[in-house]
Amino acid sequence: MWSDEFLRAGASRVAPVATPPQQKVASMSSGFLKVERLAKAYQAARPVFADVSFEMARGEFVCIIGHSGCGKTTILNVLAGLDTASSGHVFMDGREVAGPSLERGVVFQGHALMPWLTVRQNIAFAVRSRWPDRGKDEVRSQVEKYVAMVGLSHAIDKKPSELSGGMKQRVGIARAFSIQPKMLLLDEPFGALDALTRGTIQDELMGIVRQTQQTVFMITHDVDEAILLADRILLMSNGSDTDSGYRPGGLVEMVGNPLPRERTRAQLHHLDGYYDLRNHIVDFLVSRAKAA
Amino acid sequence: MKTPDSLNLRAAIVSLLLLLCVVGAWHLATTAGGGAAAVTAGLSADEIEYLRMMGKDPGATKSGGFPGPLEVARTSWGHLSDPFYDKGPNDKGIGIQLAHSLARVGLGFLLALLVAIPLGFVIGMSPLMQKAFNPFVQLLKPISPLAWMPLALYTLKDSDVSGIFVIFICSIWPMLINTAFGVASVKRDWINVAATLEVNPIRKAFQVILPAAAPTILTGMRISMGIAWLVIVAAEMLVGGTGIGYFVWNEWNNLSITNVIFAIGMIGVVGMLLDLVFARLQKVVTYVE
Numbered sequence: 001m002w003s004d005e006f007l008r009a010g011a012s013r014v015a016p017v018a019t020p021p022q023q024k025v026a027s028m029s030s031g032f033l034k035v036e037r038l039a040k041a042y043q044a045a046r047p048v049f050a051d052v053s054f055e056m057a058r059g060e061f062v063c064i065i066g067h068s069g070c071g072k073t074t075i076l077n078v079l080a081g082l083d084t085a086s087s088g089h090v091f092m093d094g095r096e097v098a099g100p101s102l103e104r105g106v107v108f109q110g111h112a113l114m115p116w117l118t119v120r121q122n123i124a125f126a127v128r129s130r131w132p133d134r135g136k137d138e139v140r141s142q143v144e145k146y147v148a149m150v151g152l153s154h155a156i157d158k159k160p161s162e163l164s165g166g167m168k169q170r171v172g173i174a175r176a177f178s179i180q181p182k183m184l185l186l187d188e189p190f191g192a193l194d195a196l197t198r199g200t201i202q203d204e205l206m207g208i209v210r211q212t213q214q215t216v217f218m219i220t221h222d223v224d225e226a227i228l229l230a231d232r233i234l235l236m237s238n239g240s241d242t243d244s245g246y247r248p249g250g251l252v253e254m255v256g257n258p259l260p261r262e263r264t265r266a267q268l269h270h271l272d273g274y275y276d277l278r279n280h281i282v283d284f285l286v287s288r289a290k291a292a
Numbered sequence: 001m002k003t004p005d006s007l008n009l010r011a012a013i014v015s016l017l018l019l020l021c022v023v024g025a026w027h028l029a030t031t032a033g034g035g036a037a038a039v040t041a042g043l044s045a046d047e048i049e050y051l052r053m054m055g056k057d058p059g060a061t062k063s064g065g066f067p068g069p070l071e072v073a074r075t076s077w078g079h080l081s082d083p084f085y086d087k088g089p090n091d092k093g094i095g096i097q098l099a100h101s102l103a104r105v106g107l108g109f110l111l112a113l114l115v116a117i118p119l120g121f122v123i124g125m126s127p128l129m130q131k132a133f134n135p136f137v138q139l140l141k142p143i144s145p146l147a148w149m150p151l152a153l154y155t156l157k158d159s160d161v162s163g164i165f166v167i168f169i170c171s172i173w174p175m176l177i178n179t180a181f182g183v184a185s186v187k188r189d190w191i192n193v194a195a196t197l198e199v200n201p202i203r204k205a206f207q208v209i210l211p212a213a214a215p216t217i218l219t220g221m222r223i224s225m226g227i228a229w230l231v232i233v234a235a236e237m238l239v240g241g242t243g244i245g246y247f248v249w250n251e252w253n254n255l256s257i258t259n260v261i262f263a264i265g266m267i268g269v270v271g272m273l274l275d276l277v278f279a280r281l282q283k284v285v286t287y288v289e
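Protein chains in written order, with the working numbering: chain S, 1 to 292; chain F, 1 to 289.
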C-alpha cells in the first residue's frame, strides 16, 4: 500500500501544474484502466490484433465480444499480467501493468479450483496470499463471508469434485472477490454452464458487482449476457486477408449500454432499446467481425 | 447378487481353489515314487542283492530332495515362531534377515528420494534443465543396478554401503522421471492462479505444484520401491553377510531347498506389503478433478 501511495504521489508531481481537484477526480475515474495501442503478434507480419486502445472507469462493467481467435483472451491475459503484449501498454490506477498482481482478480474459464482443497481451503489460499499476516479467525471469517456471498455456505467443506459446474464457477467467483481486488477479470466464466444455471449466476454476479462497485472486464460469447451485465460492450474483429493485404484484428466499436442500470434478466427483453442493441451486436458478429 | 461384496466373495473362493490345486499338485508330485514293490516285482533275490551291492537299492524310496508342502509348512512355522534369534553370522532368525534387507532398502530409497524429488522439481519446472538432463537419464536408466556393484565395492570399500548404493541407484530413476513429469504437467490454470495471487515460489512449490504432482510422484515412488525390493535380493546374494538375499544363497549352499522355498515366500509377502503401503499412500494424495 505504501508504495502505491508513493507512486501515485510521484505521478501527480510529474503532472503539469496544479490541476483543480474536480478534474483530477474525473481523470482518475475515467482513466482507471488505460489500454494503449496494444498488439500481439506471433508472426511479426501478421499480428492477431493491433492498435487496441480503450479506457475503463472505476466501477464500470465492460464486456468484450468477438469470434474465437480474435485475441480476447490474450487481451485479458495481458490485463491480468499472465501474458505480454508485443507492443502497447496497460496502465491501471496510474501504474503500468507488469506481471500478475493481487490487485486484479481473475476468474478463469475452467474455474481453476485446486481439486485437492475444499471450497474453504481454496478461498483461504487466496485470502492468505492477499493478507499473509492475518490471523486464523480473520481468514476464516473472510472466507465464510465470501462463500456466503455466492450462496455456498452449505458446501463450504466439500471438495470441488463434489460440486456441480455452476457451484464450482461460483467458488471461482468468490475466490476472485475474496481478495478484494481493484479490478476483476472474467474469462468467459459461464461458457461451460447450462443456460438455466448461467442465468442464475449472471443475476448473482450482477447483484454482487452492483453492491461492491467492482470494476469488471469480462469476455463473453453470449450477446444477452453482455447486454445484461455490461455498461459498455467492446466489439472485436478477427484478423483477415483483404484485397489490400492482411488486416489485423482489433477493436471495431465500443457500444454504450443505454438500458437502465437496474435491469434484470427477466425483464431485459421488454426494455426499450434492447432489440436495437441486440440486433446491432448480432449484425456485427455476423457480418463485420469476420471479414474472411 | 451383483453387489461388489458377492464379487469379492466369489473371487476369494476361486483364489482359494487355485491355491488348493497348486498345493495339492505340489504335494502329489513330491510324494509320488512310492512303488518300491512294483520295482522289485520282476527281480530274483540275487538280482536284488546285486543291485544293492551296486548302490542301486530298488527297495529304498529314493528322495528327490524336493520338499513337499507339509515339510515347507513345518519349517516355515519353525522360522516364524522364533524370528529374532541370533546364533552367529550364518544362523540368524528370518526377522533379523528381513530387517537387514528392509533397512538397506529403506536407506537407499530414502537417499534416492532426497535426490530425485528436488532434482525432479528442477527438471520439471525448467524446459532447459529437462533437455540438459535428458541424455544422462536416458543413458543411466537402462543400466542394471547390479552392474554398478563392482564399481561401488571398489570406491566405497564396504559391502554394506555398496548394497545401499545399488538400491539408491535403482530407485532414483522412476522417482526422478515421474517427479519431473508430474511437475511439468501441472495444470496451467493452477500456476496462473498462483501467479495472480502473487504466491511466492516456495509456497507455490509446496502448496500448488507438490499436491498437484503428488499422485504422479507417488506412482514413481511405488515403482521404485518395487524395483528396490527386486534388486536387494540379488545384491545381498552378491555381497553376503546378512539379509534375505544372503539367506537364500546360504540355504542354497546348505542344499536346504525347504528353507529356500520358505525364503521365496517371505520375499513375496514383504514385497506385497511394501506395495500395499504405497498404494495406500497413493490413495491419500490422489484427487478427483
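Take the hints with a grain of salt, since some may be wrong.
Quick list of the computed label-pair ranges, beta carbon to beta carbon [stated by the list, open to error]:
| # | chain 1 | residue 1 | chain 2 | residue 2 | range |
| --- | --- | --- | --- | --- | --- |
| 1 | F | Met129 | S | Ser86 | 41 to 51 Å |
| 2 | F | Lys131 | S | Lys136 | 38 to 48 Å |
| 3 | S | Asp137 | F | Leu18 | 51 to 61 Å |
| 4 | F | Ser144 | S | Tyr246 | 54 to 64 Å |
Covered stretches of chain S (in silico footprint by chain F; criterion: 3 or more residues with CB under 8 Å from a CB of chain F, positions within the stretch not fixed) [stated by the list, open to error]:
| # | region |
| --- | --- |
| 5 | 118–131 |
| 6 | 218–228 |
| 7 | 259–270 |
The set of hints was computed from the structure by calculation and includes no laboratory data. Ideal Cβ placement from N, Cα and C applies to all residues, glycine included.
Taking the hints in turn, this is what the structure says about them:
1. F:Met129 / S:Ser86: 41 to 51 Å: 28 Å, violated
2. F:Lys131 / S:Lys136: 38 to 48 Å: Holds: the Cβ-Cβ distance is about 44 Å, inside 38 to 48 Å.
3. S:Asp137 / F:Leu18: 51 to 61 Å: Holds - the Cβ-Cβ distance for aspartate 137 (chain S) and leucine 18 (chain F), about 59 Å, lies within 51 to 61 Å.
4. F:Ser144 / S:Tyr246: 54 to 64 Å: 59 Å, holds
5. 118–131: Result for this restraint: holds, n = 4.
6. 218–228: violated (count 0)
7. 259–270: It is violated: at least three residues are needed, and the region 259–270 of chain S offers just 0 whose Cβ sits closer than 8 Å to chain F.
This entry does not satisfy hints 1, 6, 7, going by the numbered hints stated previously.
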